[in-house]
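Listed below, chain by chain, are the residues.
2 protein chains.
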Amino acid sequence: MAMGGTRLRLLFLTLQLLLISSAKITLRFPSPAFRPESSSSVSIKSKLYETKYYTQILDHFTFTPQSYQTFQQRYLISYKHWGGAKKNAPIFVYTGNEGDIEWFTQNTGFMFENAPHFKALLVFIEHRFYGKSIPFGGNKDAAYANSSTLGYLSSTQALADYATLIIDLKKNLSAVDSPVVVFGGSYGGSMALFIWLLAAWFRLKYPHVAIGALASSAPILYFDNITSEYSFHSTVGNDFRSESENCYKVIKGSWQLIEDTAEQSGGLDTLRKSFRICKNYISAGALVSWLSTAFIYTAMTDYPTPSNFLNPLPAYPVKQMCKAIDDRKAGNNSNTFEKLYGAANVYYNSTGRATCFNLNDDSDPHGLDEWSWQACTEMILPIGGNNADSIFPPSEWDYAGRAQSCEDAFGVQPRPNWITTEFGGHNIQRVLKRFGSNIIFFNGLRDPWSGGGVLKDISKSLVAIVAKEGAHHVDLRFSTPEDPEWLKHARRREIKIIENWLSQYYHSSSS
Amino acid sequence: MAMGGTRLRLLFLTLQLLLISSAKITLRFPSPAFRPESSSSVSIKSKLYETKYYTQILDHFTFTPQSYQTFQQRYLISYKHWGGAKKNAPIFVYTGNEGDIEWFTQNTGFMFENAPHFKALLVFIEHRFYGKSIPFGGNKDAAYANSSTLGYLSSTQALADYATLIIDLKKNLSAVDSPVVVFGGSYGGSMALFIWLLAAWFRLKYPHVAIGALASSAPILYFDNITSEYSFHSTVGNDFRSESENCYKVIKGSWQLIEDTAEQSGGLDTLRKSFRICKNYISAGALVSWLSTAFIYTAMTDYPTPSNFLNPLPAYPVKQMCKAIDDRKAGNNSNTFEKLYGAANVYYNSTGRATCFNLNDDSDPHGLDEWSWQACTEMILPIGGNNADSIFPPSEWDYAGRAQSCEDAFGVQPRPNWITTEFGGHNIQRVLKRFGSNIIFFNGLRDPWSGGGVLKDISKSLVAIVAKEGAHHVDLRFSTPEDPEWLKHARRREIKIIENWLSQYYHSSSS
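Residue numbers (my numbering), protein chains in the order written: chain E, 142 to 652; chain H, 142 to 652.
No lab work stands behind these hints: they were computed from the structure.
Hints are not guaranteed to be accurate.
No distinction is drawn between identical chains; accordingly, a pair holds when it is met within one copy or between any pair of copies.
Below, computed lysine-lysine pairings styled on BS3-like, alpha-carbon distance capped at 27 Å [stated by the list, open to error]:
hint	residue 1	residue 2
1	K460	K273
2	K228	K574
3	K460	K609
4	K574	K601
5	K597	K574
6	K390	K470
7	K311	K193
8	K637	K574
9	K609	K221
10	K574	K260
11	K390	K414
12	K188	K228
13	K574	K312
14	K574	K311
15	K574	K227
16	K260	K464
17	K393	K460
Between the sequences and the hints, there should be enough to build the whole structure, so can you do that?
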């Protein structure tokens, strides 16, 4: 058992590596096309936006010959509800994150739904090195070749891209006095967390470009040991535990069981059958990753209405998973696997169309792959440790392991203190009490990232909105008639605050 | 005359180029050793500080293999009056500017004189690529070779250097809770303006590293046409005019006279004799540069007490120059040159030891040369135009000329909008009214840079201190018993405000 425990801990290093790689484990059959769960008047079939490209500079912060290279940065723009430059009508900007901007745009209902009320121009800017915004001639093979080219993929360069593009766009629209509000919220089942950081950071670093930011589920305190390394996985466990103690215990006990089974002769075949794994590949580690991915992402997106990101999910999916576990009778091991399979099915097979699950799928339909570069350079979040209460086996955050795997993969060493050096984070209450303004930090406490969020007001205009029942940036999703009151309330508050920013701005301008 | 006027305007393009190059025109004999004019208890002969080096990263914002190169960054540190880490005693940091840090440090009396009162640790950090803080192996030839290496000389990299060094230093001193205040003020007769911008920008970009900034004579609004291109030279003219209308008129009339004389046969010889120019080199353009340098730098440093930067100057040197002009009788041309010579002598020869003046001196005793790189990349201040009222001939700011000369010199194109993109500046009142805090903007209105300064309070904690009688960052100089009341008053206000920042900080920490 002791040996087994050690092996289990080693096995669970995969969980930490999971945090480096994007969601590799997805279904082989094609993701359903985008289909918002909204009943709102915004028809997704109509053309929501135009696609444009901006000639962006490769390196804002140096002046080497290389730095002057340019690339085409994609942005999507919707004039449909804009009040126009003459009225200084506002501009809402989505500061793109680690993936294809179209995919994010189509999942950001909040901006579309509120554009008519604010008469806002909508702009969605793609993050460099993702989607179609590829430096080095637009050639992904060249851009992703090695650290000489990937080196220009960084948060600070991305923020400067946004500032440059926004300023130029406003000039070209003769709308230099139109106030800009930035929005951040990432969708998708990857461990992605980039963008909603970017919105908060953008307001802090470029207050002259954006009058305010809505930073939804931004774990700006999850760097440099400001937040406990255990927080993320603890919240995952608490989410399941809040549904039923039995559910929590079955999941928590399953890891050892999987490992023990895998060790037995014919055990992998048993596991394959139990979990309907395709014949091409199985290992205990891959199965553990596959299951824990399902639990983690389901906790992140534990929304009160059906959703569809990497995978379609029903409303309250954690409850559904626990139902799948609790409704099956207690019994022998294969019965435990049947329960887990039922839970996994909620995440991987809500359509019921899957015939088998592929553990060796490295497709990347949403273009998230380069997140692994960012996780190896500056985005060092000490996540992956599990304490005794965790739903996963106990383990410690392994920085040395991360550094080594980054060295192996890219030949780079992470800079683990850089993010807090550049953006702060330590003593944020004290630092920002008399500095900065106009940021909404939304957090849902069922979101595993929420432990790294700003959960208390910092000042009158650095406001924390906390939804006990909320998951990851639920506020930014398209609304539905089934939305619960707490969610409607959070959105109303956000709209009210943004209205205040704008009226302050117009008041300052006229005085 | 019309032709002459055109030629004169062309001649005056040299004035604009002057703003690119550092002060090339200095006396051949060695500059007197540092000698503060202070009678304060701080003895400059005793060891004021220790010299240390910090291993700094070449490029904070990218992750290419090149970016990981390091260099030795020099900083000077004085523990003498520090209250210590246990008491969280403050740290005063001078964010070094475009030259040798020792030279600047020895001219920053304000920090030394106030260290005992605040029990402050003093740290003076040298700017990358200046002094002894040379990347690429500490080898100036390698570092300055071309844009591939010089490209890493930029304001944003310098600010990140300071943040990184300060955070590390505080860790090493176990003083992470000691509040940091940054100071900016540049000394020296170059057109240098970098550092005092850096202090303000540092507070805006790194509020988590510095609780406040004293930005003395920071022309943060002199970019991107926020301020009139004529402002700088207009102030120079007003300074002389405020002493006497005759003085102003003699100087204003002299340029045409010099040009006409130079055109005549034997004219250059006449000019050489009139101005005691050494035999190695003379041209009308060089003479004009030499004279205008004297007028501009004397206006900048028109202090109420004797000073000694690039050249030693008496108290109220503009008054002294005008006295030299006004006291000589009106008369023929050679008499006009005699007057101008008398004025130039105030700036170039206060010791009376010069036997002739060298117009072809490219020595760089204070290591300011690399400013020309910065003036060719990001530091694009539209200065150099003169309106009809100017003491210099009418001319327009010539961006195309600057860009061409930068292309010729370095093969780079300036990025004229970058500084306002990164740091803002437009509508600063509106932008910063509800953003940012704890910056003192000091400006003396006799300082030609003051037109680009913040001259009105932006908020309760973004405070403008304006001294009508003051010149360039006079507040930061060593005090003397002869200091006028307005100067003492400005310094007392600054100290009071810094005291408030600190007590707010300690109050926030304890609560």
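Going through the hints against the structure:
1. K460 with K273: neither (38 Å within a copy, 64 Å between copies)
2. K228 with K574: Between copies only: 22 Å across chains, 33 Å inside a chain, cut-off 27 Å.
3. K460 with K609: Within one copy, since 16 Å is at most 27 Å while 71 Å is not.
4. K574 with K601: both (9 Å within a copy, 14 Å between copies)
5. K597 with K574: The answer is both: 11 Å in one copy and 24 Å across copies each meet 27 Å.
6. K390 with K470: The answer is within: 14 Å in one copy meets 27 Å, while 103 Å across copies does not.
7. K311 with K193: within (14 Å within a copy, 47 Å between copies)
8. K637 with K574: Intra 22 Å, inter 21 Å, cutoff 27 Å: intra and inter.
9. K609 with K221: Answer is neither: 35 Å inside a copy and 52 Å across each miss the 27 Å cutoff.
10. K574 with K260: between (32 Å within a copy, 25 Å between copies)
11. K390 with K414: within (23 Å within a copy, 99 Å between copies)
12. K188 with K228: Answer is within: at 25 Å inside a copy they meet the 27 Å cutoff, but 62 Å across does not.
13. K574 with K312: Between copies only: 23 Å across, 33 Å inside.
14. K574 with K311: between (31 Å within a copy, 22 Å between copies)
15. K574 with K227: between (36 Å within a copy, 24 Å between copies)
16. K260 with K464: Result: close neither inside a copy nor across copies, 44 Å intra and 64 Å inter.
17. K393 with K460: within (16 Å within a copy, 85 Å between copies)
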